[in-house]
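Asker: If you want the building blocks of each chain, they are given just below.
There are 2 protein chains.
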Amino acid sequence: MSNSTIQKKNAFYAQSGGVTAVINATACGLIEAAREHAGKIGNVYAGRNGILGALQEELIDTNKESDEAIASLLFTPAGAFGSCRYKLKNFEDSKAEYERLIKVFKAHNIGYFFYNGGGDSADTCLKVSQISKQMGYPIQAIHIPKTVDNDLPFTDNCPGFGSVAKYIAVSTKEASLDIASMCETSTKVFILEVMGRHAGWIAAASALAAEKAGDPPHIILFPEVPFSGQSFLDKVEKTVLKEGYCVVVASEGTKYLDGRFISGSTNKDAFGHHQLGGLAPTLANMIKSSLGYKYHWALADYLQRSARHVASATDVAQAYAVGRTAVEYALAGKNSVMVTIERKEDSVYSWSLGEADLTDIANQEKKMPKNYITADGYGVTQEGIDYLSPLIQGEDYPPYKNGVPVYKKLANIPVKKKIKESYKL
Amino acid sequence: MSNSTIQKKNAFYAQSGGVTAVINATACGLIEAAREHAGKIGNVYAGRNGILGALQEELIDTNKESDEAIASLLFTPAGAFGSCRYKLKNFEDSKAEYERLIKVFKAHNIGYFFYNGGGDSADTCLKVSQISKQMGYPIQAIHIPKTVDNDLPFTDNCPGFGSVAKYIAVSTKEASLDIASMCETSTKVFILEVMGRHAGWIAAASALAAEKAGDPPHIILFPEVPFSGQSFLDKVEKTVLKEGYCVVVASEGTKYLDGRFISGSTNKDAFGHHQLGGLAPTLANMIKSSLGYKYHWALADYLQRSARHVASATDVAQAYAVGRTAVEYALAGKNSVMVTIERKEDSVYSWSLGEADLTDIANQEKKMPKNYITADGYGVTQEGIDYLSPLIQGEDYPPYKNGVPVYKKLANIPVKKKIKESYKL
Numbered sequence: 428m429s430n431s432t433i434q435k436k437n438a439f440y441a442q443s444g445g446v447t448a449v450i451n452a453t454a455c456g457l458i459e460a461a462r463e464h465a466g467k468i469g470n471v472y473a474g475r476n477g478i479l480g481a482l483q484e485e486l487i488d489t490n491k492e493s494d495e496a497i498a499s500l501l502f503t504p505a506g507a508f509g510s511c512r513y514k515l516k517n518f519e520d521s522k523a524e525y526e527r528l529i530k531v532f533k534a535h536n537i538g539y540f541f542y543n544g545g546g547d548s549a550d551t552c553l554k555v556s557q558i559s560k561q562m563g564y565p566i567q568a569i570h571i572p573k574t575v576d577n578d579l580p581f582t583d584n585c586p587g588f589g590s591v592a593k594y595i596a597v598s599t600k601e602a603s604l605d606i607a608s609m610c611e612t613s614t615k616v617f618i619l620e621v622m623g624r625h626a627g628w629i630a631a632a633s634a635l636a637a638e639k640a641g642d643p644p645h646i647i648l649f650p651e652v653p654f655s656g657q658s659f660l661d662k663v664e665k666t667v668l669k670e671g672y673c674v675v676v677a678s679e680g681t682k683y684l685d686g687r688f689i690s691g692s693t694n695k696d697a698f699g700h701h702q703l704g705g706l707a708p709t710l711a712n713m714i715k716s717s718l719g720y721k722y723h724w725a726l727a728d729y730l731q732r733s734a735r736h737v738a739s740a741t742d743v744a745q746a747y748a749v750g751r752t753a754v755e756y757a758l759a760g761k762n763s764v765m766v767t768i769e770r771k772e773d774s775v776y777s778w779s780l781g782e783a784d785l786t787d788i789a790n791q792e793k794k795m796p797k798n799y800i801t802a803d804g805y806g807v808t809q810e811g812i813d814y815l816s817p818l819i820q821g822e823d824y825p826p827y828k829n830g831v832p833v834y835k836k837l838a839n840i841p842v843k844k845k846i847k848e849s850y851k852l
Numbered sequence: 428m429s430n431s432t433i434q435k436k437n438a439f440y441a442q443s444g445g446v447t448a449v450i451n452a453t454a455c456g457l458i459e460a461a462r463e464h465a466g467k468i469g470n471v472y473a474g475r476n477g478i479l480g481a482l483q484e485e486l487i488d489t490n491k492e493s494d495e496a497i498a499s500l501l502f503t504p505a506g507a508f509g510s511c512r513y514k515l516k517n518f519e520d521s522k523a524e525y526e527r528l529i530k531v532f533k534a535h536n537i538g539y540f541f542y543n544g545g546g547d548s549a550d551t552c553l554k555v556s557q558i559s560k561q562m563g564y565p566i567q568a569i570h571i572p573k574t575v576d577n578d579l580p581f582t583d584n585c586p587g588f589g590s591v592a593k594y595i596a597v598s599t600k601e602a603s604l605d606i607a608s609m610c611e612t613s614t615k616v617f618i619l620e621v622m623g624r625h626a627g628w629i630a631a632a633s634a635l636a637a638e639k640a641g642d643p644p645h646i647i648l649f650p651e652v653p654f655s656g657q658s659f660l661d662k663v664e665k666t667v668l669k670e671g672y673c674v675v676v677a678s679e680g681t682k683y684l685d686g687r688f689i690s691g692s693t694n695k696d697a698f699g700h701h702q703l704g705g706l707a708p709t710l711a712n713m714i715k716s717s718l719g720y721k722y723h724w725a726l727a728d729y730l731q732r733s734a735r736h737v738a739s740a741t742d743v744a745q746a747y748a749v750g751r752t753a754v755e756y757a758l759a760g761k762n763s764v765m766v767t768i769e770r771k772e773d774s775v776y777s778w779s780l781g782e783a784d785l786t787d788i789a790n791q792e793k794k795m796p797k798n799y800i801t802a803d804g805y806g807v808t809q810e811g812i813d814y815l816s817p818l819i820q821g822e823d824y825p826p827y828k829n830g831v832p833v834y835k836k837l838a839n840i841p842v843k844k845k846i847k848e849s850y851k852l
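So the protein sequences, as listed, match chains A and B.
End of the first sequence sits at 852 in our numbering; the numbers just go up one at a time, nothing left out.
End of the second sequence sits at 852 in our numbering; the numbers just go up one at a time, nothing left out.
Simulated from the structure, these hints should not be mistaken for lab results.
The structure displayed is predicted, hence computed values, not measured ones.
Do not rely on the hints blindly, as some may be mistaken.
One copy or two, either will do: identical chains are not told apart, so a pair holds if it fits within one copy or between any two.
List of simulated lysine to aspartate or glutamate pairs, EDC-like, C-alpha gap at most 16 angstroms [claimed, not checked]:
| id | residue 1 | residue 2 |
| --- | --- | --- |
| 1 | Lys491 | Glu782 |
| 2 | Lys560 | Glu822 |
| 3 | Lys771 | Glu526 |
| 4 | Lys669 | Glu848 |
| 5 | Lys851 | Asp642 |
| 6 | Lys844 | Asp488 |
| 7 | Lys665 | Glu772 |
| 8 | Lys639 | Asp813 |
| 9 | Lys721 | Glu664 |
| 10 | Lys715 | Asp784 |
| 11 | Lys836 | Asp642 |
| 12 | Lys851 | Asp661 |
| 13 | Lys843 | Asp550 |
| 14 | Lys828 | Glu638 |
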């Protein structure tokens, strides 16, 4: 092994939390940039199932993939290396966990930690940077934003959001035409339940389906606006009387003033978040029993965040760019930062990349600002539309074969383990 | 008015029952063909809200629409003139209804009745032909097939089905990648509930998502196969143990051996059909309580049948062709027939148009043949794949503006009423 090879540090890349239609585009940008800088950066090792791959020393050697295979990540949804819902505990509570991480990174000569996720992973990223330094093996940790929830601060938007926003806008427009066609003798109310625990960005995107006032969706429910059953039913009734039908798009996290979810299970995930669902049928039953209208409802669930077939070209471009830029930041010596997207204040949307300090970010949630929600609490203002609309611009279709998209699976060849002891979670 | 104008009969066109992503493509083909034969056929009047438009003399003058507006129907989903769920009663029980229909047709010099729908509307079409003749004002009635359920006999497939099939195949493929990425620490079972009361064609189309044995979907539930809870749970468990996760696609009409739906409301629509729903959460709870797996489920509902953004090019072409051909059949003097699609038995799929006598069709439902379903009842055989695959071939994207499809609304200008008495349904 030459001296120069010893000097070059390898990189660790992991996908965290719920996957998106474009998180692999970020992986694509990151790996392609690393290959272009092969003189300065070693192999990119991906964590199998996110951070678990680091803890369990299950690393994937992305160097074993052809350039063509890596390029295919640009149009393949979900997590190519696996993701996980696993939150590292505080250093004080779980020293062993961090020691293990650093041990694995040291064994594989990893000097760059790229963590691709939402608020929880920004927090982990910060800790890895701090603790690795404390432990005498400093690692440059760069956070790369990803979340369909669009709730990270300091960035114009989060890669993954633009595509789910486009899916919801397109689906709302299409389903609304369906109901409008049939409302004379059949369904009068259609409810689409969408993701969004604490922030209503995804539901807000449905407003992009409307071309003019009065167009569906007629009612949008945001977690940011306390729900009132009577006000909601009044609005449904008024809309049906005026338009003949009513289209409702509801955030899963819609709740009453006292914080109770309209309908939610008590299951919690590994991050302690409630697993929601059941809102749409609850609203539908409210409407049926109070107003007697025939209803239909849909729950898009995973379909919305994996819908690469209708991805936003803007979102794909941004997801790819944040991956590339993470590598450039690392090589520029940056540490403990998140790559951000910056909107230029022009009449035509354009963007560039920036950075934010991770100490400012951890566990903040960016909710819908008040001036994006109409006074009655059921719609999106022009300011909101002006913010959202650029994010869904452009179509970026995957290649098709036999009528379905060609989504590539990587070989995901493991890196030989170097540590004898296995690690129990 | 010249003699030739008096000779020329006008046409009535109506959309019936649940709309589809491509029923307007049929309207486009029909109106364009009629315009090309303007020397032989008069105006095309569309029924506002389907057959109700005829009963209530609410006719739409399609002649008032530009060629460009009619051309836009090719890529606009749902029913451009409105549809309805309204079944004409027997002639014996409701003579007044048929007398009213013929009166309206006579008043507007209508000699051609084009009815675009499923099995129920084929039945209506037959009756209009028979009764108009009995009443001394014979009308040529041509049925044009449309149904996402793909359950009409004598035709290779039903326009509307290919596009919902493509939507389900694409969505299953995408959501499956999502679950596969996360199953190590999160969701193990994903259930997609799809349309299909009595026939499992739509659920079967999810099998087109698989590239090789073992690929998702792992379990498909068909109305044709009696449901056994124990067998289902065994298969879910085996799949999770082997693949790490399990993807289930369930027809809404899946039922136990004794005919009980797994979960269904008791609401009925105007045709006396049960309004189903609630199957997916019922299956999910079964799995959670017996096997303890974390689940997610989606209900595509209207999203699946309005998804013009991911329509099958084959389906669009066939939908357009059956509309054109209906006009050609009418001008050739045909009566009381349905336009059919005929598959040529070549190694490469090709098709032509044929016809079937309406007396043979009425109220028959074409279910999945036994040789299309695997021996265990949970999958689709190669014969089934060979039948389904050609129907989703080709992409036919709508134009987009501002990130969403441009779906056109017609002016829908009413034809002046000629009958004094209004009609109460």
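Asker: So, for every hint listed, does it hold in this structure?
Answerer: Status of each hint after checking the structure:
| no. | hint | result |
| --- | --- | --- |
| 1 | Lys491 with Glu782 | neither (31 angstroms within a copy, 57 angstroms between copies) |
| 2 | Lys560 with Glu822 | neither (44 angstroms within a copy, 53 angstroms between copies) |
| 3 | Lys771 with Glu526 | neither (42 angstroms within a copy, 67 angstroms between copies) |
| 4 | Lys669 with Glu848 | neither (69 angstroms within a copy, 26 angstroms between copies) |
| 5 | Lys851 with Asp642 | neither (55 angstroms within a copy, 30 angstroms between copies) |
| 6 | Lys844 with Asp488 | within (12 angstroms within a copy, 74 angstroms between copies) |
| 7 | Lys665 with Glu772 | neither (38 angstroms within a copy, 55 angstroms between copies) |
| 8 | Lys639 with Asp813 | within (14 angstroms within a copy, 45 angstroms between copies) |
| 9 | Lys721 with Glu664 | within (12 angstroms within a copy, 37 angstroms between copies) |
| 10 | Lys715 with Asp784 | neither (50 angstroms within a copy, 42 angstroms between copies) |
| 11 | Lys836 with Asp642 | between (41 angstroms within a copy, 12 angstroms between copies) |
| 12 | Lys851 with Asp661 | neither (55 angstroms within a copy, 29 angstroms between copies) |
| 13 | Lys843 with Asp550 | neither (29 angstroms within a copy, 68 angstroms between copies) |
| 14 | Lys828 with Glu638 | between (34 angstroms within a copy, 11 angstroms between copies) |
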